[in-house]
Amino acid sequence: MTAYRLSTGGVVDRAKSVGFRFDGVAYKGFEGDTLASALMANDQLLLGRSFKYHRPRGVVTAGVSEPNALVTIGEGGRMEPNVRATVAELYEGLSAVSQNRWPSLKFDIGSVNSLLSPFLSAGFYYKTFMWPKSFWEKIYEPFIRKAAGLGKLSIGERDPDNYEKSWAFCDLLVIGAGPTGLMAALAAGRAGLKVLIADESARLGGSLLASRTSIGGEGAADYAQTVITELASMPNVTVLPRATVFGWFDDMVFGAVERVQKHVAQPHADRAVERVWRIAAKRAVLASGAEERPLVFGGNDLPGVMTASAMRTYANRYGVAAGRKVAVFANGASGYETARDLAARGVEIAAIIDSRVGASDVAPQGARVVAGAQVVDTSGKLRIKSATIERSGYMETIACDALAMSGGWSPIIHLMCHRGQRPVWSEEKAAFLAPSLAEPFFAAGGASGLEGLGACLADGWKAGAEAASSLGLSAPAYVRPDIEGEAGEGFTPLWYVAGSKSKAFVDFQNDVHVADLGLALREGYGHVEHAKRYTTNGMATDQGKLSGVNAAAILAGMQGVTPAQTGTTTFRPFYTPVTFGALAGAARFEHAQPIRVSPLHGWAKKNGAKMVEAGLWYRSSWFPRDGETSWRQSCDREVITVREKAGVCDVSTLGKIEVMGPDAAEFLNRIYSNAMLKLPVGKARYGIMLREDGMVYDDGTVSRFGENHFFITTTTAYAGEVLTHMEFFHQTVWPELDVRFVTVTDQWAQMSVVGPKSREILQELIVDDLSDAAFPFMTARAVKMVDGPEARLYRISFSGELAYELGVPAGYGEAVADAVMAVGANHGICAYGVEALNVMRIEKGHVTHAELDGRVTADDVGLGKLVSAQKPDFVGKRLLDRYGMKAADRHQLVGLVPVDPKVEFKSGAHILKVGATPSTVADQGWVSSVCYSPALGHMIGLAFVKSGRERMGEKVVVWDKLRGQETEAVISSTVFFDPENKKLHA
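Last residue of the sequence shown: 986 (this note's numbering), numbering continuous.
Wrong hints could be hidden among the right ones.
[As the list claims (entries may be wrong)] List time: in silico PhoX-like cross-link candidates among lysine-lysine, alpha-carbon distance up to 25 Å: (1) K462 x K678; (2) K683 x K982; (3) K194 x K606; (4) K28 x K16; (5) K865 x K877; (6) K462 x K757; (7) K606 x K645; (8) K877 x K982; (9) K946 x K886; (10) K606 x K683; (11) K325 x K385; (12) K983 x K961; (13) K133 x K152; (14) K877 x K678; (15) K645 x K385.
Quick caveat, the hints were computed from the structure, so don't treat them as lab data. Every value quoted in this text rests on a predicted model; they were computed, and no experiment measured them.
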């Protein structure tokens with residue numbers, strides 16, 4: 001046994017034993033342990049395998065930057081991959097498994113990749129899998145997809161837990177509850193600010209929990225608890241443990257995720273497992289501390305090799321020794337502090353290998369210090385056995401079962417760079433520091449580059465006091481506590497050991513070593529962003545937290561420049577991974593997005609409608625009756641009934657916009673491509689809107705109820721977009737026009753009453769004369785209902801039948817629809833849904849967004865006459881004259897009729913000439929809409945075909961590769977039913 005539980009020490013509760021399993025083996029730990037500390041206490045150093053070479057890997061850190069110890073925790077729907085064992089709280093019944101190995105962690109077949117490493121250098125995937133071409137889909141791509149990733153998602157069971165989102169508002173947000181953060185929150189809290197302090201750990205205190213320093217006469221951990229107790233007692237302070245602030249956004253809004261029940265085996269069903277916070281802060285202090293950098297030397301990836309601060313944390317916070325005989329490789333004071341702490345707990349120090357000469361740091365009594373030396377290699381298979389050092393050309397092997405490495409410190413400043421700012425290189429600190437910001441967001445303590453406990457405490461207090469002062473309050477003066485045993489400061493940069501005998505890893509998870517960076521530079525990828533993508537350095541789950549600065553400095557050295565010139569890769573949210581469940585919150589399953597139901601939803605359900613999601617709306621799709629076993633049977637019956645008698649359809653979901661003002665007519669005349677200026681009062685007109693590039697944007701109707709009062713409808717899908725379109729042009733292009741408009745989609749219930757009997761039915765309900773002479777086609781005006789509300793009636797048709805759209809205030813919708821059905825019962829009326837509506841519109845050649853897909857002009861869809869040649873201007877007019885918009889071979893909308901009436905074809909299929917070999921060059925167009933026409937007794941379709949209107953009667957092939965179908969069809973007119981429109985004008 002090498003790693004073991006110390007007999008004393010740590011802030012774990014040794015009275016509370018916790019049972020857990022790792023890779024099926026049962027272990028014991030203590031309450032307060034992480035999974036990593038508990039496994040180390042059980043001498044389980046091997047926790048994972050690297051991504052590319054499948055090399056054995058163990059713990060490197062004690063925090064969220066951990067690249068190696070990634071495990072899958074939980075089972076079934078609660079299974080979560082890529083959890084960092086270093087921050088996963090231990091709880092009774094926890095079950096974890098290792099990742100990226102087969103058949104087992106100890107015996108991994110994938111480790112053969114290490115032998116193939118000469119062929120798997122950086123960028124190999126850009127140069128291989130190129131030949132033979134036929135291998136790509138059948139061999140290469142499946143292999144790459146299978147190898148990609150680390151953990152596996154649970155796709156067999158859905159997540160049973162709850163998630164939620166919340167807002168929080170505060171005067172001061174303190175990010176991090178280490179010594180700096182605690183002091184900042186305490187100063188601001190005592191000043192009376194509303195403070196929120198968030199920390200990713202379950203227990204606040206940060207580095208104080210892993211320190212043997214005495215503060216004010218008490219241990220560092222006890223001092224932290226004293227401050228936390230005071231903060232918790234303040235009504236103006238909110239303490240948020242287990243909460244990671246993952247992003248900084250506009251207007252001083254921060255995102256944070258709180259792990260509410262991630263530390264229990266069976267979460268309470270009535271509480272969220274995770275909660276995403278959006279925190280709006282007037283001021284913010286970044287007290288996230290600094291990350292210790294690993295050293296880059298040969299064999300630095302063996303299990304048992306970890307950062308000095310991590311080894312110190314496991315010993316002091318968790319009471320776990322990483323080994324019995326520990327070597328320390330350092331370039332600064334941190335290594336000596338770790339050696340002293342380990343020696344004080346009875347751990348043998350094999351040697352302190354210091355890359356510097358003449359350092360003044362104090363080693364523990366009796367420990368050997370090898371100055372001016374470097375580790376060039378390690379030995380061991382599944383854990384370190386020894387380290388080979390080099391000093392002045394002399395090699396020496398030192399036996400050890402653990403190796404602590406300390407390469408200096410990098411302030412954790414990612415959040416301050418999330419909005420585009422770049423970190424600033426400091427030669428003095430040999431680190432990237434936070435940029436100066438215009439916003440009231442400040443770094444303090446270790447995050448600002450400070451070292452030393454006393455300096456961080458004082459700087460934290462100063463940050464909290466300054467935040468209070470900027471908001472008109474004052475904090476008490478800072479009283480510096482007595483500090484005993486404060487560690488030393490400083491380090492001398494050592495970016496990598498040039499004489500390394502084996503691979504010196506920069507990015508542990510992705511197996512990126514120094515030679516890979518050199519290769520990237522030689523092949524022209526020396527820019528830090530290019531090198532990241534070429535080598536995958538910093539693309540792991542830790543996003544370069546450990547490797548980023550080392551890689552930038554190594555690239556700088558290779559190019560003879562400074563890290564200031566190479567810079568870092570871009571810092572973006574999220575600081576640490578956030579689960580999709582947390583981001584979704586309560587928006588899951590049927591609550592994944594807002595649900596809109598029309599005013600006639602109750603009427604539709606009452607009449608047995610089968611509902612379909614149409615955007616955010618639930619719409620009635622068809623109305624089955626007894627004996628009907630498929631939607632097609634219901635749809636066909638509905639179409640026939642409407643064509644022969646009458647039907648009612650809910651069209652309330654159409655976008656509806658009231659437009660008013662002295663310039664309303666002029667405004668609409670510019671928005672639509674066809675003339676609207678002289679539309680008579682009491683009349684409706686079909687119109688189309690174009691984008692600025694001349695393509696059709698949307699279609700709908702414009703009705704004029706008064707000289708300065710218009711009512712327009714849009715398609716259901718584009719209701720919001722059209723309103724935005726109108727707002728844009730009114731505010732930015734024609735602000736001088738005196739016009740106002742507002743959406744009233746939800747204010748009106750609208751129903752289409754259609755069929756030969758529709759006039760008779762409505763006349764029994766409406767006082768006004770509805771005869772053809774009194775209420776001709778395209779009339780739109782207010783009408784009075786018998787014993788009913790004021791209503792609006794439009795004689796417009798999407799079906800080709802005699803039809804009306806009746807609009808009533810939303811609250812009356814269901815009652816009016818019931819009345820229509822009651823009166824219509826004697827006339828054989830039926831309710832019909834969007835399936836029948838779609839069939840009838842295809843029979844008449846009407847378009848929807850299946851045709852108006854953003855790629856078509858008005859002429860393409862046969863609506864060229866609706867583009868006015870007389871109007872001086874309208875949206876899209878200028879770019880209509882481009883050559884490509886009028887090319888002779890543009891795809892034009894045509895009808896399709898199968899040669900064999902018994903054959904079906906589908907939308908999405910392509911059009912080919914008879915006898916043509918399928919290819920991009922031979923492609924003649926595509927099918928946009930199809931249906932079975934009960935009126936005609938066979939399938940019909942609408943399609944876009946090159947020069948389609950010139951090819952009437954031509955036989956073509958409808959080619960459907962996806963379904964393996966080829967169907968011969970004849971190009972026809974888009975109007976299949978009642979081309980003379982006799983029924984429309986009945």
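Against the structure, the hints:
Distance restraint check for K462 and K678: the Cα-Cα separation of roughly 71 Å exceeds the 25 Å cut-off, and the hinted pair is therefore not satisfied. The hinted pair formed by K683 and K982 meets the criterion: a straight-line CA distance of about 20 Å does not exceed 25 Å. The hinted pair formed by K194 and K606 fails the criterion: a straight-line CA distance of about 53 Å is larger than 25 Å. Proximity of K28 to K16 is assessed by CA-CA distance (about 10 Å); at most 25 Å being required, the pair is judged to hold.
Of the supplied pair hints, the one linking K865 and K877 holds, its CA atoms being roughly 14 Å apart against a limit of 25 Å. Distance hint between K462 and K757 is unfulfilled; the C-alpha atoms sit about 82 Å from each other, more than 25 Å. A threshold of 25 Å between alpha carbons decides the hint, and for K606 with K645 the separation of about 22 Å falls inside it, so the pair holds. Straight-line distance between C-alpha atoms of K877 and K982 comes to about 34 Å, which puts the hinted pair past the 25 Å bound.
With a C-alpha separation of about 12 Å, the suggested pairing of K946 with K886 holds against the 25 Å cut-off. Among the hinted pairs, K606 with K683 is inconsistent with the structure: their alpha-carbon atoms are about 34 Å apart, more than 25 Å. Distance hint between K325 and K385 is fulfilled; the C-alpha atoms sit about 10 Å from each other, no more than 25 Å. Straight-line distance between C-alpha atoms of K983 and K961 comes to about 39 Å, which puts the hinted pair past the 25 Å bound.
For the proposed pair K133 and K152, the alpha carbon gap of about 30 Å is over 25 Å, so the pair is violated. About 19 Å separates the Cα atoms of K877 and K678, which keeps this hinted pair within 25 Å; it holds. Annotation: proposed proximity of K645 to K385 is violated, straight-line Cα distance about 90 Å (limit 25 Å).
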